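Asker: Protein sequences, first through last, are from chains A and B.
Quick note: to get the working numbering, add 3 to the position in the first sequence (first position is 1).
Quick note: to get the working numbering, add 181 to the position in the second sequence (first position is 1).
None of these hints come from the bench; they were simulated from the model.
All figures in this text were calculated on a predicted structure; none of them were measured in a lab.
C-beta: ideal position from N, C-alpha, C; glycine also.
Do not take every clue at face value.
[Stated by the list, open to error] To give an idea of the interface, some chain B residues facing chain A are shown, with a C-beta separation under 7 Å as derived from the structure:
| # | residue |
| --- | --- |
| 1 | HIS196 |
| 2 | PHE203 |
| 3 | ILE211 |
[What the hints assert, rightly or not] Cross-link-like lysine-lysine pairs, in silico, DSBU-like; alpha carbons within 30 Å at most:
| # | chain 1 | residue 1 | chain 2 | residue 2 |
| --- | --- | --- | --- | --- |
| 4 | A | LYS82 | B | LYS217 |
| 5 | B | LYS367 | B | LYS399 |
| 6 | B | LYS218 | A | LYS82 |
| 7 | A | LYS82 | B | LYS210 |
| 8 | B | LYS190 | A | LYS135 |
| 9 | A | LYS82 | A | LYS172 |
| 10 | B | LYS221 | A | LYS42 |
| 11 | B | LYS190 | A | LYS40 |
| 12 | B | LYS218 | A | LYS70 |
| 13 | B | LYS190 | A | LYS176 |
| 14 | A | LYS176 | B | LYS194 |
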Amino acid sequence: MINIGQFSDENSREQLLNELISEYAMDLKRIAYIYVKDKAQCEDIVQEVFISAYKNLVNFREDSNYKTWLIRITLNKCKDYHRKWSIRNIAYKPLLDPFVNKKGNVKSAEEELETSERAEHIIQAISCLGLKYKVVLILYYYQDMTLQEISDTTNIKFNTVKTRFVRGKSLLKTELERRGIYYG
Amino acid sequence: MDNFDNGIKRELKNHVHQNIHFTENEREKILESAVKKQQKYVAIKLLTVTAFTLAVFTLLAIPFFANPEDNIIHKISSLPFSDKEPDSKGELPDSLFERKKKDNNQHSENDNSESEKNENAVTQDEEPNKEIDMPENHNNSEKDQEKNQDESENNPITNETNVEDSANNEANQENVNKEIFHELIKKFNNMDAQISNLVDSTNYAHNVGGYYFKELTKKEEVYNHLLSYLTHEEAEGLWSYRLVESENGLIELSMDGHPDFYLDQPYIINKINDTKFEYVQEMEPGLFGPIISLTFTKIDDQWLISNVSY
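For reference, chain A alone in the conformation it holds in the complex:
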C-alpha cells in the first residue's frame, strides 16, 4: 500500500507517480481494454489517467485509497472515450492478435483460438451493454470487487449497484447465449 505521507513533498511527486504506475498500471489498462475494446486506445487512456493523477496529486484527499481513485479516473476517461466519436472507431480492428501467445501455453492453436474467441465474445457482449451496466460488470468480473466496493468506488448507491448488476448480468447472459456461449 502506498502511503501518501511519504510523498507529500513536491519533489517526490515523480517518485510517487512511478510507484503508482508499478502498482496499478496493468490493472487499469486491462479495465480500460475491456471497456473500450481497443488496445491502442486503452494505452492512451492509461497514459491520460496517470498524467491526470500526477497533476492532481496535490489535491488528492485520503478519503479513498489510490486504487479506488485511479479506477474512478480510468472509468471516467473510458466514458470520455465513448463520447468522443472518431473515424478510427469505425475502422475494423481485430481485438487482439489471436496467434500471439505471450505466455507460451501448451494449448493447441485450435484450443487457443477457441478460448480467445470466447473471451472476445464476452468482451464484445459486455461492451454492447449500456454504460451503467458495463462499469458494474467490469469491476465485478475483472476486479473481483464486491457490490459494496463497487458502490464505494463509483459513488453509486448500493441498491442501485445491485439492481444494475442483476440486470446487467441477465443481459450479458442473454447476449452470450445468442452467440452460442453457454455456462452450465
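Add chain B to chain A, keeping to what the hints say.
Answerer: What follows is chain B alone, placed relative to chain A:
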C-alpha cells in the same frame, strides 16, 4: 456466485492477462509526458505572470512616457519639510529667496555691482537663520538700477540678467505684498488671544469643559471677528470644533491654542499663482508639526489666509 459468474471471471481474466500488458515503454511515455506537461504548465504560469507584470508596468508607465514635457522634475526646495508640489516651487522666482538685508550698508553694497550680488546670493543660501525676503525689497532703489544699467551696457550678459530680474521683480511687485502677509500672520498669531478677550474667564461651564463668551452666542459671531485676516471657511475650520452653542450661551472649549508662525525663524515662500502664496515653516517636534503652512489667497482684491495646516 454461480457457474456463470465463475466462467466469465475466469475467461475474462485469462484473456486480458495473456494479451494486455503494461510495458516499460509505456511507463517511460507516461513519465515523460507528465514531466513535459508539468514543465509546460510551469512555463505557461511563468509567462502569464511575466505578461501580467509587463502589462501592469506598461499601464503605470504610459502617463509618464505619454507626455514627457509634463514630467520635468522641477527644482525643489532644499528644505525637507515642505509639502508643496514641485510645480508651484518651480515658478518661484529665485529673487524670493534672497536674504533679508542686514543693514543698509550691506544692501547698498549688493546693489553696486551684479557680480557682488551673485556672491551674496550664495551666502544667503548658506545662512538659514535669515528671513526670506520679498522681491520688492530688492527694488527699493530705482536709481541704483539705473546706475547698473549704465554700467552693463557694455556687458551683454549682465544686461540680459538685468532684464530678466527686472521682469521678475515687476511681476512680483504686483502680486506679492510682504507687508500684508506679515500683518496677516501677526493677526493669526494673535488669534487665540483675540478670542480669549471675548471670553469670560470667570464663567466656567463645568458640564462642557469651557468658558462662556461674554456677549457672543453663536459660532458665526466668532467667525465674523476673524474675517479681516481669515476666509470664512478657514475661520470655521479653525474654530468650529472649539465652540459649543448651548442654551446658556456660547462656550469656548478648553484646549490647546493654535501654533504660531514665527516670522523671525526660517521659512519658505511658495508662489502657487499670482493670487495665491504659501508660507511654510518647520516646527519643533511636539503637539503639532512637523510643518506649519499658511496659504494666502487674494479674494476681491483682499489678501486673506485661506488655509492653515500644521
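Asker: Run every hint past the structure and note whether it holds.
Answerer: These are the hints, each one checked on the structure:
{"no.": "1", "hint": "HIS196", "result": "holds (3 Å)"}
{"no.": "2", "hint": "PHE203", "result": "holds (4 Å)"}
{"no.": "3", "hint": "ILE211", "result": "holds (5 Å)"}
{"no.": "4", "hint": "LYS82(A) with LYS217(B)", "result": "holds (26 Å)"}
{"no.": "5", "hint": "LYS367(B) with LYS399(B)", "result": "holds (25 Å)"}
{"no.": "6", "hint": "LYS218(B) with LYS82(A)", "result": "holds (23 Å)"}
{"no.": "7", "hint": "LYS82(A) with LYS210(B)", "result": "holds (23 Å)"}
{"no.": "8", "hint": "LYS190(B) with LYS135(A)", "result": "holds (19 Å)"}
{"no.": "9", "hint": "LYS82(A) with LYS172(A)", "result": "holds (20 Å)"}
{"no.": "10", "hint": "LYS221(B) with LYS42(A)", "result": "holds (28 Å)"}
{"no.": "11", "hint": "LYS190(B) with LYS40(A)", "result": "holds (17 Å)"}
{"no.": "12", "hint": "LYS218(B) with LYS70(A)", "result": "holds (23 Å)"}
{"no.": "13", "hint": "LYS190(B) with LYS176(A)", "result": "holds (13 Å)"}
{"no.": "14", "hint": "LYS176(A) with LYS194(B)", "result": "holds (18 Å)"}
No hint from the list above goes unmet by this structure.
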